[in-house]
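Visitor: Chain order of the listed sequences is H and Y. Mind the numbering: the first sequence is residues 98 to 202 in my numbering, read in order. Mind the numbering: the second sequence is residues 48 to 416 in my numbering, read in order.
Bear in mind the hints are in silico, worked out from the structure with no lab data behind them. Values in this document were obtained by computation on a predicted structure and should not be read as measured data. All C-beta atoms in this analysis are idealised placements derived from N, C-alpha and C, irrespective of residue type, glycine included. A hint or two may mislead.
Stretch by stretch, here's where chain H covers chain Y in the computed footprint (C-beta under 8 Å, at least three residues) [claimed, not checked]: (1) 55 to 64; (2) 149 to 157; (3) 183 to 190.
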Amino acid sequence: MDQQTTGPAQSEIVDRARAYVRENFLYMRPDWTLGDEDPLLGSGVIDSIGVIELVEFLQGAFRLAIAEEEITEQNLGTLAAIGRFVHQKCHANGSGGSVRPRQVA
Amino acid sequence: MTPGPLTDSGPGRLRPFQREDLPEVVALRRQAFRYSERKRTERLVAYLERIFYDHPWADPELPALVYEDERGRVAGFLGVIPRPLLFQGAPIRAAVATQLMVAPESRGLVGRRLFRAFLAGPQDLSLSDTANDAARLLWASLGGSVSVTHSLTWTRALRPYRHYASRASSGGPARRLAWLAARPLLSVADVCAARIGGPFRQQMPPGATEHLDPAVMAATLPRLVGPRALRPLYEDGSLGWLLEQAADKRQFGELRQRLVRGPRGEVAGWFLYYCDGGGVGQVLQVAAARSGQALVLRHLFYDAWREGLAAVAGRVEPALAAELGAQRCRFERTGPWMLIHSQRTEIMHAIVCGAAFVSRLEGEWWLSF
Numbered sequence: 098m099d100q101q102t103t104g105p106a107q108s109e110i111v112d113r114a115r116a117y118v119r120e121n122f123l124y125m126r127p128d129w130t131l132g133d134e135d136p137l138l139g140s141g142v143i144d145s146i147g148v149i150e151l152v153e154f155l156q157g158a159f160r161l162a163i164a165e166e167e168i169t170e171q172n173l174g175t176l177a178a179i180g181r182f183v184h185q186k187c188h189a190n191g192s193g194g195s196v197r198p199r200q201v202a
Numbered sequence: 048m049t050p051g052p053l054t055d056s057g058p059g060r061l062r063p064f065q066r067e068d069l070p071e072v073v074a075l076r077r078q079a080f081r082y083s084e085r086k087r088t089e090r091l092v093a094y095l096e097r098i099f100y101d102h103p104w105a106d107p108e109l110p111a112l113v114y115e116d117e118r119g120r121v122a123g124f125l126g127v128i129p130r131p132l133l134f135q136g137a138p139i140r141a142a143v144a145t146q147l148m149v150a151p152e153s154r155g156l157v158g159r160r161l162f163r164a165f166l167a168g169p170q171d172l173s174l175s176d177t178a179n180d181a182a183r184l185l186w187a188s189l190g191g192s193v194s195v196t197h198s199l200t201w202t203r204a205l206r207p208y209r210h211y212a213s214r215a216s217s218g219g220p221a222r223r224l225a226w227l228a229a230r231p232l233l234s235v236a237d238v239c240a241a242r243i244g245g246p247f248r249q250q251m252p253p254g255a256t257e258h259l260d261p262a263v264m265a266a267t268l269p270r271l272v273g274p275r276a277l278r279p280l281y282e283d284g285s286l287g288w289l290l291e292q293a294a295d296k297r298q299f300g301e302l303r304q305r306l307v308r309g310p311r312g313e314v315a316g317w318f319l320y321y322c323d324g325g326g327v328g329q330v331l332q333v334a335a336a337r338s339g340q341a342l343v344l345r346h347l348f349y350d351a352w353r354e355g356l357a358a359v360a361g362r363v364e365p366a367l368a369a370e371l372g373a374q375r376c377r378f379e380r381t382g383p384w385m386l387i388h389s390q391r392t393e394i395m396h397a398i399v400c401g402a403a404f405v406s407r408l409e410g411e412w413w414l415s416f
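Just need the whole structure built from these sequences, with the hints factored in.
Guide: Right, dumping it as C-alpha cells:
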C-alpha cells in the first residue's frame, strides 16, 4: 500500500509514539528500556496527566479524533497497542492518509 | 470531550464504595497523601465513615466510587458527597468530588475512569473546590470547566507590618530569624496603624455581632441571597451537622461563627472563619444582602483584628468581589481550583456570572481528612 494515501505504517506509529514517550516522560530516565509490549500505564511511565498529553499528541500527529470511550488501556496501554489502535483508526477513516503526519516536536 | 453514559472498560472495575472498604481506603490515603488531620488510623476510618455514610444527604444514586484492581484490591477512590441546592427555586442535586486517590501501581487511566464515572452520574451539578493542577487538567479533559473567579483568593491585612513581614520571612531560616527578632517592633507599628487614620484604622462598626445559630442561618439565607439563581438548601435540617463537621477542622484554628446585626437590630448577614490566634484567618462563608455587604465585611475584619489575627483571607465569591475590592482586599491566584460541570448550561452560567451563592461550605473545603 502507498503510505501517502493510506496512512502511516504501524511500525512508524510505534516508533513515533516511542520517541514521544521517551522525550516527554522518560527524559530523566534515559536508560529505561521501553519495549513494544511494555506497559506504559501503572508502571510509572505515564500518569493520568500524561495520558491527556499522549492523546493530544496522537490526535495532532496522526490527524485523528480519539473519542473518550477509546481512551482505554487496551488502546493506549503499550506502544504496540497504540500502533494497532492508531493504524486501525487511520485506515478506518482515512484521516491520516492524505497528509503526511507532522513531525514530533 | 464530554463523558457519556458510563461504559467503563478494564482492567479491574469501578464500583460503589462500601463500608467494608474503609480500612483499604484509609491505607490508600496514607499512601497518596502526606497530610492528615487524623494521625490515628481508627480516627480516620471513623471520619470517612461519618463523611461518606452518616451524612444527612444520603443518595444511593450518588455513591463514592472505588476502583478494584484485577486482584480485587482497592487501588483507587473518589469520594462523593451529595448536596441539595436550589436553582431558580427548584431543588437540584449537586455532587461534590473529593479525595481522588490512586495506588502508584494503578496510575495512568484509573483517575480518569473515576472522574469520568463521577461526571456521568445523575447529578445536576458536579463540583470540586480544592483541586490541584493535575485534577484540573483531568477534569477539563473530560469536558468540565474551571470557575476562575472562584479559584481566586482575597486577603485583607489587619496588622499590615506583621502580615507582610511574615510573608517575606518565608525565604529561609535567616529571614525567619529576622522576622522573629523584629516582631515586637512590628507590633508597635501595627498598633500605630490601627489608631491613626488610613486603611488599617480599626473602629467598632455600627451594629453588633452575636453567636450564629444554624437555625437562624437556615431561616435567613433565602432572604439574604434570595435574588441569586443558585443557593444551598439549608432548610432541610442538615446545617447543624455541617457546621459540626466544619468546627472539627483544626488545620486553620477554631471556627468562629458570628451573626451581624445592623444599628436597628436587623440581621445584616454573618461570617464564619477559622482563627488561629495570630496568623491569617481563613473565611468559610460570608453571607449578606447587597446592602449589608459592607457592614458584614467591616464586622468580620474588626472581629478578626480583635482576635489578634494579622490578616484574614477567603475565596472570592463573585457577588462579593466589588465590596472586597472597595475594602482594600488583595486578590491572588495561588490556591486550589474550583471545578464545575453540568449538562445544564444555565447552571454553569449562574456560577460563572455570579448569580450563585456557593461558598467554601458548599464544596469540600470544610472537610478535614
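Visitor: All hints are to be evaluated individually against the structure, with a verdict given for each.
Guide: Consistency of the hints with the structure:
Under the rule that three or more residues need a Cβ within less than 8 Å of chain H, the assignment of the region 55 to 64 of chain Y holds, with 3 such residues. Counting residues of the region 149 to 157 of chain Y whose CB lies closer than 8 Å to any CB of chain H gives 8, so the stated coverage by that chain holds, three being the minimum. Only when three residues or more bring their CB closer than 8 Å to a CB of chain H does the claim for the region 183 to 190 of chain Y stand; here the count is 4, and the claim holds.
Checked against the numbered hints above, the structure breaks none of them.
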